[in-house]
Amino acid sequence: DTGVSQDPRHKITKRGQNVTFRCDPISEHNRLYWYRQTLGQGPEFLTYFQNEAQLEKSRLLSDRFSAERPKGSFSTLEIQRTEQGDSAMYLCASSLESRSTEAFFGQGTRLTVV
Amino acid sequence: GNSVTQMEGPVTLSEEAFLTINCTYTATGYPSLFWYVQYPGEGLQLLLKATKADDKGSNKGFEATYRKETTSFHLEKGSVQVSDSAVYFCALRGSSGNTPLVFGKGTRLSVIA
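Which chain is which? The protein sequence lines are A and B, in order. Residue 82 in this note's numbering sits at position 82 of the first sequence, and the numbers go up by one each step. Each number in this note's numbering comes from the position in the second sequence (counting from 1) with 1000 added on.
None of these hints come from the bench; they were simulated from the model. Glycine included, every Cβ here is placed at the ideal spot set by N, Cα and C. One or more of the hints may lead you astray.
Unchecked claim - Some residues of chain B that are not near chain A, with every Cβ distance over 12 angstroms (derived):
id, residue
1, VAL1011
2, SER1014
3, ALA1017
4, THR1024
5, ASP1054
6, GLU1063
7, THR1065
8, HIS1074
9, GLY1078
10, SER1079
11, ASP1084
12, ILE1112
Stated by the list, open to error - Covered stretches of chain A (chain B as the covering partner; in silico rule of three or more C-beta atoms under 8 angstroms from a C-beta of chain B):
id, segment
13, 40-50
14, 102-114
Unchecked claim - Simulated crosslink set (DSSO-like; lysine-lysine; CA at most 30 angstroms straight-line):
id, chain 1, residue 1, chain 2, residue 2
15, A, LYS57, B, LYS1052
16, B, LYS1105, A, LYS57
17, B, LYS1105, B, LYS1060
18, B, LYS1068, B, LYS1105
19, A, LYS14, B, LYS1105
20, B, LYS1052, B, LYS1105
21, A, LYS11, A, LYS57
22, B, LYS1105, B, LYS1056
23, B, LYS1105, A, LYS11
24, A, LYS71, A, LYS11
25, B, LYS1056, B, LYS1068
26, A, LYS57, B, LYS1068
27, A, LYS14, A, LYS57
28, A, LYS71, A, LYS57
29, B, LYS1068, B, LYS1052
My request is simple: use the sequences and hints to build the entire structure.
This is the structure we're talking about:
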């Protein structure tokens, strides 16, 4: 399967702990996006990379959040000192560089902070 | 900034009924427009897209026409099936190409036999 894969699919963590998620995009895609989706809402943009460069970060991405894409391939999203409000589905997507091309989404990582 | 507004759900229809889900957008220039679908337990999938004014995107019996004059991209299907039950998201990508997809809040569709 050459789609976007995310790991883990589910994560339960205690408040205050750090968590890290991984995304493997479609191999030839140079753009990689992170979104957050809460119940009853559409995906909200967090950040995106073109190759290894992080080009844009949303105001939603507080200082506790950091994302990397060190070699322009897979990406990680880390949340430090998790809060209950961080509970959400974290989606990764990848695309080619064009305004008209679609983004392909992974199945997401569901985070529950207890 | 760019934004998408779509009709709130849930929408419940009988099988073979006509479906319309309204979507309007705010953006400068000529964005690309998309409809994504999320079936229960699955990830977001592209349903259809249109990249310029008056283009019609179509797939699996669904259609949407890019209307610049009304800034709309309404999703339609002539005869829905139970298998169409899902959440539908309207989205846009700005005309510069250097912007991420912006999504609406989604509309849940339930089709009953």
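Original post:
Quick check: the segment 40-50 of chain A, covered by chain B? Criterion 3+ residues, Cβ under 8 angstroms.
Top reply: holds (count 7)
Original post:
Can the restraint linking LYS1105 (chain B) and LYS1060 (chain B) be considered satisfied, given a maximum Cα separation of 30 angstroms?
Top reply: 22 angstroms, holds
Subject >> Distance restraint between LYS1056 (chain B) and LYS1068 (chain B), which requires alpha-carbon spacing of 30 angstroms or less >> reply: Status holds; Cα separation ~12 angstroms.
Original post:
Checking C-beta pairs, does the segment 102-114 of chain A have three or more residues closer than 8 angstroms to chain B?
Top reply: holds (count 7)
**OP:** Confirm or reject the statement that VAL1011 (chain B) sits farther than 12 angstroms, beta carbon to beta carbon, from all of chain A.
**Re:** About 14 angstroms separates VAL1011 (chain B) from the closest Cβ of chain A, which puts it past 12 angstroms; holds.
Subject >> Given as non-interface: SER1014 (chain B), which should sit over 12 angstroms from chain A by C-beta >> reply: Holds: least Cβ distance 24 angstroms, greater than 12 angstroms.
Original post:
Is it true that the CA of LYS1068 (chain B) sits at most 30 angstroms from the CA of LYS1105 (chain B)?
Top reply: 21 angstroms, holds
Original post:
Taking 30 angstroms as the top limit, are the C-alpha atoms of LYS1105 (chain B) and LYS57 (chain A) close enough?
Top reply: Given pair LYS1105 (chain B), LYS57 (chain A) holds - Cα atoms ~20 angstroms apart, limit 30 angstroms.
Original post:
Given the proposed pairing of LYS57 (chain A) with LYS1068 (chain B), does the C-alpha separation stay at or below 30 angstroms?
Top reply: With a Cα-Cα distance of about 29 angstroms, the restraint between LYS57 (chain A) and LYS1068 (chain B) holds, given a limit of 30 angstroms.
Original post:
Taking 30 angstroms as the top limit, are the C-alpha atoms of LYS1052 (chain B) and LYS1105 (chain B) close enough?
Top reply: This hinted pair holds, its Cα atoms lying about 23 angstroms apart.
**OP:** Taking the shortest Cβ-to-Cβ distance between GLY1078 (chain B) and chain A, state whether it exceeds 12 angstroms.
**Re:** 24 angstroms, holds
Subject >> Restraint status (C-alpha distance of LYS71 (chain A) to LYS11 (chain A) at most 30 angstroms) >> reply: 25 angstroms, holds
Comparing the model with each numbered hint stated earlier shows that all of them hold.
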